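Novice: Sequence:
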Amino acid sequence: MDLVFKALADPTRRVLLDRLFKRNGQTLSELCGGWEMSRQAITKHLAVLEDANLVASVKRGREKLHYLNPVPINEIGERWIGKYERGRLKALADLKRSLENDDG
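Residue numbering for the sequence shown follows the working numbering, starting at 1200 and increasing by one per position.
It is possible that some hints are incorrect.
[Stated by the list, open to error] 20 Å max Cα-Cα, derived SDA-like pairs, lysine to any residue:
#1 K1282 / V1203
#2 K1258 / A1246
#3 K1221 / L1202
#4 K1258 / H1244
#5 K1289 / E1277
#6 K1221 / L1264
#7 K1263 / K1205
#8 K1221 / W1234
#9 K1205 / P1269
#10 K1258 / E1274
#11 K1258 / I1275
#12 K1282 / E1299
#13 K1263 / E1299
#14 K1205 / D1250
#15 K1263 / E1277
#16 K1263 / K1282
#17 K1205 / K1258
#18 K1282 / M1200
#19 K1221 / V1270
[Said to hold, decoys possible] Estimated spans, in silico, between C-beta atoms of each pair:
#20 R1296 / Y1266: 22 to 28 Å
#21 S1237 / L1298: 56 to 62 Å
#22 K1295 / Y1266: 16 to 22 Å
#23 D1250 / L1298: 38 to 44 Å
Hints are computed from structural coordinates only; laboratory data are not their basis. On a predicted model such as this, the values are computed, not experimentally measured, just so you know. We put the beta carbon where it would ideally sit given N, CA and C, even for glycine.
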């Protein structure tokens, strides 16, 4: 999970993930479009994302297509965000029950 947090810490990598979310299966050339960053820099960012298992790539002929893997992000949600939300939701449910009991 440390690799996922490290990968998500960089804003450029988050933008790459957002681009893949909007349209999965892009080539390096497509992902580089609109950036003032070298292909080599984008390739390094993609390597970090692949190491964190956030991006998977598949060769198709001479092209390499990149795909978003949302599973590690979901695991973060379940592990870190979900457990904190459960307490808040329980507190809201308890408050609701308490207010309803006061009325009756």
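Novice: Provide an ascending list of the numbers of those earlier hints which the structure does not satisfy.
Specialist: Violated: hints 3, 7, 10, 11, 12, 13, 15, 16, 17, 20, 22 and 23.
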